[in-house]
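If you read the protein sequences in the order shown, they are chains A and B.
In terms of numbering that gives the first Met the number 0, the first sequence has 22 at position 23, counting the first letter as 1, and numbering is strictly consecutive.
In terms of numbering that gives the first Met the number 0, the second sequence has 298 at position 299, counting the first letter as 1, and numbering is strictly consecutive.
FYI, nobody ran anything at the bench for these hints, they're computed from the structure.
From a predicted model like this one, the values you see are computed outputs, not experimental measurements.
A hint or two may mislead.
List of simulated lysine to aspartate or glutamate pairs, DMTMM-like, C-alpha gap at most 25 Å [to be verified]:
1. B/K46 <-> B/E34
2. B/K354 <-> A/E18
3. A/K152 <-> B/D218
4. B/K404 <-> A/D136
5. B/K404 <-> A/D132
6. B/K404 <-> A/D131
7. B/K196 <-> B/E34
8. B/K292 <-> B/D319
9. B/K2 <-> A/E18
10. B/K354 <-> A/D136
11. B/K2 <-> A/D94
12. B/K209 <-> A/D24
13. A/K152 <-> B/D414
14. A/K152 <-> B/E34
15. B/K2 <-> A/E51
16. A/K152 <-> B/D177
17. B/K118 <-> B/D129
18. A/K152 <-> B/D313
19. B/K354 <-> A/E44
20. A/K152 <-> B/D377
21. B/K2 <-> A/D131
22. A/K152 <-> B/D319
23. B/K292 <-> B/D313
24. A/K152 <-> B/D216
25. B/K404 <-> A/E51
One-letter residues, chain by chain:
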Amino acid sequence: MANRPTLLNSCASAATAAEARYRIDAAPQTARATRVVALDAGAAEIVRPLPEQPWLGAHFLRYQGDPGDGDLADVMLTTPDGQRVLLSGELADADFVMMIATTGDGAAAAAAIGNACTLRGIMTAGVILGSDDAVGDAVTALRPHARVLLVSKDQRDVSGVLTALGA
Amino acid sequence: MLKQEINELLTRTGPGTPMGDLFRQYWLPALLAEELPEPGSPPVRVKLLSERMIAFRDSDGRYGLIDEFCAHRGVSLWFGNNEIGGLRCAYHGWKYDVTGQCVEVPSEPENSNFCSKVKLTSYPLVKIGDILWTYMGDPATQPPLPEYEFVHVPPEQTYTSKRWQECNWLQALEGGIDSSHVSWLHSAGLRNDPLFKGSKGNEYNMNDMKPFFEVVDSDGGLYVGVRRNAEEGHYYWRITPWVMPAFTMVPPRADHPVHGHFWIPIDDENCWVFTFDYQPVRALTEAELAAMKAGHGVHNEYVPGTYRPLQNKDNDYLMDREAQQRGDTFSGIKGIAMQDASLQESMGPIVDRSKERLVSADSGIIKARRKLVQAALDLREKGVTPPGVDPAHHRVRSAAIVLPKDQSFLDVASDALTARPGVRQATV
Numbered sequence: 000m001a002n003r004p005t006l007l008n009s010c011a012s013a014a015t016a017a018e019a020r021y022r023i024d025a026a027p028q029t030a031r032a033t034r035v036v037a038l039d040a041g042a043a044e045i046v047r048p049l050p051e052q053p054w055l056g057a058h059f060l061r062y063q064g065d066p067g068d069g070d071l072a073d074v075m076l077t078t079p080d081g082q083r084v085l086l087s088g089e090l091a092d093a094d095f096v097m098m099i100a101t102t103g104d105g106a107a108a109a110a111a112i113g114n115a116c117t118l119r120g121i122m123t124a125g126v127i128l129g130s131d132d133a134v135g136d137a138v139t140a141l142r143p144h145a146r147v148l149l150v151s152k153d154q155r156d157v158s159g160v161l162t163a164l165g166a
Numbered sequence: 000m001l002k003q004e005i006n007e008l009l010t011r012t013g014p015g016t017p018m019g020d021l022f023r024q025y026w027l028p029a030l031l032a033e034e035l036p037e038p039g040s041p042p043v044r045v046k047l048l049s050e051r052m053i054a055f056r057d058s059d060g061r062y063g064l065i066d067e068f069c070a071h072r073g074v075s076l077w078f079g080n081n082e083i084g085g086l087r088c089a090y091h092g093w094k095y096d097v098t099g100q101c102v103e104v105p106s107e108p109e110n111s112n113f114c115s116k117v118k119l120t121s122y123p124l125v126k127i128g129d130i131l132w133t134y135m136g137d138p139a140t141q142p143p144l145p146e147y148e149f150v151h152v153p154p155e156q157t158y159t160s161k162r163w164q165e166c167n168w169l170q171a172l173e174g175g176i177d178s179s180h181v182s183w184l185h186s187a188g189l190r191n192d193p194l195f196k197g198s199k200g201n202e203y204n205m206n207d208m209k210p211f212f213e214v215v216d217s218d219g220g221l222y223v224g225v226r227r228n229a230e231e232g233h234y235y236w237r238i239t240p241w242v243m244p245a246f247t248m249v250p251p252r253a254d255h256p257v258h259g260h261f262w263i264p265i266d267d268e269n270c271w272v273f274t275f276d277y278q279p280v281r282a283l284t285e286a287e288l289a290a291m292k293a294g295h296g297v298h299n300e301y302v303p304g305t306y307r308p309l310q311n312k313d314n315d316y317l318m319d320r321e322a323q324q325r326g327d328t329f330s331g332i333k334g335i336a337m338q339d340a341s342l343q344e345s346m347g348p349i350v351d352r353s354k355e356r357l358v359s360a361d362s363g364i365i366k367a368r369r370k371l372v373q374a375a376l377d378l379r380e381k382g383v384t385p386p387g388v389d390p391a392h393h394r395v396r397s398a399a400i401v402l403p404k405d406q407s408f409l410d411v412a413s414d415a416l417t418a419r420p421g422v423r424q425a426t427v
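Same shape as in the complex, but just chain A:
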């Protein structure tokens, strides 16, 4: 059967503002399970007020260190209300992890989280906040482990990017 458009100029009619009214209005089903992890004390301060905002299921966490049970592949995190949770549990149904850093202190955490995400096929990103001359170590620490890095002086970028991503 010939592969023909309905009209010779179907793009012309399809691309009008009038036709835009007939686009299916229901939101596509693309729920995202986001985990936001503050890697250092500065990052934790920036992330601290975010859970108060409305989110589409995002979890906000702070890196605490290794779990102390000898499992070097896992990481201990804390939730906003102080509960201790394991990274492996948080990643069980996650598809996106955003790491927040202000210094290079979180290098070990970034490596652990990045490796865990790579093993599970979870997308990673990093937001590094601070002035140009202060964030070099953080960039070096996160670069191998975050598929996307945003380096910014604007702390509001964390919530802005998360909102844009539907977190």
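For this one, chain A is given, so just place chain B on it according to the hints.
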């Protein structure tokens, strides 16, 4: 996803809108110089930022950009006669100079000074390189002239075209910031376009389809760095600068000319795409120029006598499904420029960004939108001059480089990202 009110703010550029006010802080490309080639050339209709104007070049060679319509009865001055000293309305003979000042009202007595009290809105129009630039803002805050490298190299080193794109400017700009589509939509162009093929960088591009991204603030906007695996221990970086509000450059390939774009609103549902190619240190070859004029690279073919692309939505962009099946093109559309334009126009005149689902690879687009919104609000609420107005912000370059894995493109490539007269582009 974007709230509808933010989408409105970003996409509306008419007079009095926040984004319109922002655009009116900058010198903007208005026409190609070839549109007014000599003194007394026929006048040209121009619409920018939802304002209709007439551009003309008077008998002394001076450029003018004035309100399109005669103050008398609202007739379009496009029908006017470009005479010695001004443009005369075809209806009753009122005559205007390049500043919009009326210099003659034939129906008035010989010694009447009535015409001195009639003046049309006008904007400066200045030739720099192959482009006529205008500034549509408050004369009191008119910035210094633009210093983009492609308009300041010798004429034999640069070529600019323009095309009409039938969608909102932001859809077009976002294509210029979004590096991740290149390996898909333009994959065939990397193999066979005369202004793209033969680069080692193309191999890196096609061998690593899951690149990493780094988005970093610059003084004038952003750098969007994309890295792919290169030889052992090295990354191949492609770095795209965005200078606010509407200038982007494509990272170079081999010794091909460096190209980029200005994405300029005509109105809220149309934009001009000014497309340039230049060589920082050598003349363009005849073969390169011929390829550009034939619509290769980031240029396009035209409906004869117009700046409308030959491939347009009225002919389904000359879709070729067989070429798509063969892999000659990824989308069935010929040419890199029209591959972008066809998809961006398919989104509709102004895409509803409240329904989009961005991914983290879109971080450059997300950050660019945030910077535009912030700059528009800072201008409106605090009178802050936005990034990209200072000519120092214009002196940027794109770059393509291979670096050891432990080196940051920002630390190592700052020279490569700066326009330096007489220095070749950084390319792979």
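Evaluation of the provided hints:
Between B/K46 and B/E34 the alpha-carbon distance is near 14 Å, which keeps this suggested pair within the 25 Å criterion. For the proposed pair B/K354 and A/E18, the alpha carbon gap of about 16 Å is at most 25 Å, so the pair holds. Between A/K152 and B/D218 the CA atoms are separated by roughly 12 Å; this keeps the pair inside 25 Å, and the hint holds. Our distance criterion of 25 Å between C-alpha atoms is met by B/K404 and A/D136, whose separation comes to about 14 Å.
Among the hinted pairs, B/K404 with A/D132 is consistent with the structure: their alpha-carbon atoms are about 20 Å apart, no more than 25 Å. Our distance criterion of 25 Å between C-alpha atoms is met by B/K404 and A/D131, whose separation comes to about 20 Å. Simply put, B/K196 and B/E34 have alpha-carbon atoms about 32 Å apart, too far for the 25 Å limit, and the pair is violated. Using a Cα cut-off of 25 Å, the hinted pair B/K292 and B/D319 holds, with the two alpha carbons roughly 22 Å apart.
The straight-line distance between the Cα atoms of B/K2 and A/E18 is roughly 21 Å, inside the 25 Å bound, and the hint therefore holds. The hinted pair formed by B/K354 and A/D136 fails the criterion: a straight-line CA distance of about 37 Å is larger than 25 Å. Restraint check for B/K2 and A/D94: satisfied, since their Cα atoms lie roughly 24 Å apart, inside the 25 Å limit. With a C-alpha separation of about 31 Å, the suggested pairing of B/K209 with A/D24 is violated against the 25 Å cut-off.
Annotation: proposed proximity of A/K152 to B/D414 holds, straight-line Cα distance about 22 Å (limit 25 Å). The straight-line distance between the Cα atoms of A/K152 and B/E34 is roughly 43 Å, outside the 25 Å bound, and the hint therefore fails. The suggested pairing of B/K2 with A/E51 holds, with an alpha-carbon distance near 19 Å, which does not exceed 25 Å. Distance check on the hinted pair: A/K152 and B/D177 sit about 22 Å apart at the alpha-carbon level, within 25 Å; holds.
With a C-alpha separation of about 29 Å, the suggested pairing of B/K118 with B/D129 is violated against the 25 Å cut-off. Pair hint A/K152 plus B/D313 does not hold up; C-alpha atoms about 46 Å apart against a cutoff of 25 Å. With a C-alpha separation of about 32 Å, the suggested pairing of B/K354 with A/E44 is violated against the 25 Å cut-off. A C-alpha spacing of about 16 Å is found between A/K152 and B/D377, which places the hinted pair at or below 25 Å, so the restraint holds.
Between the alpha carbons of B/K2 and A/D131 the distance comes to roughly 30 Å, so the proposed pair goes past 25 Å and is violated. For the given pair, A/K152 sits about 47 Å from B/D319 by alpha-carbon distance, which is inconsistent with the 25 Å threshold. About 23 Å separates the Cα atoms of B/K292 and B/D313, which keeps this hinted pair within 25 Å; it holds. Restraint check for A/K152 and B/D216: the C-alpha separation of about 8 Å stays at or below 25 Å, so the hint holds.
Taking the CA atoms of B/K404 and A/E51, the gap is near 39 Å; set against the 25 Å cutoff, the hint is violated.
Checked against the numbered hints given earlier, this structure breaks hints 7, 10, 12, 14, 17, 18, 19, 21, 22 and 25; the rest are met.
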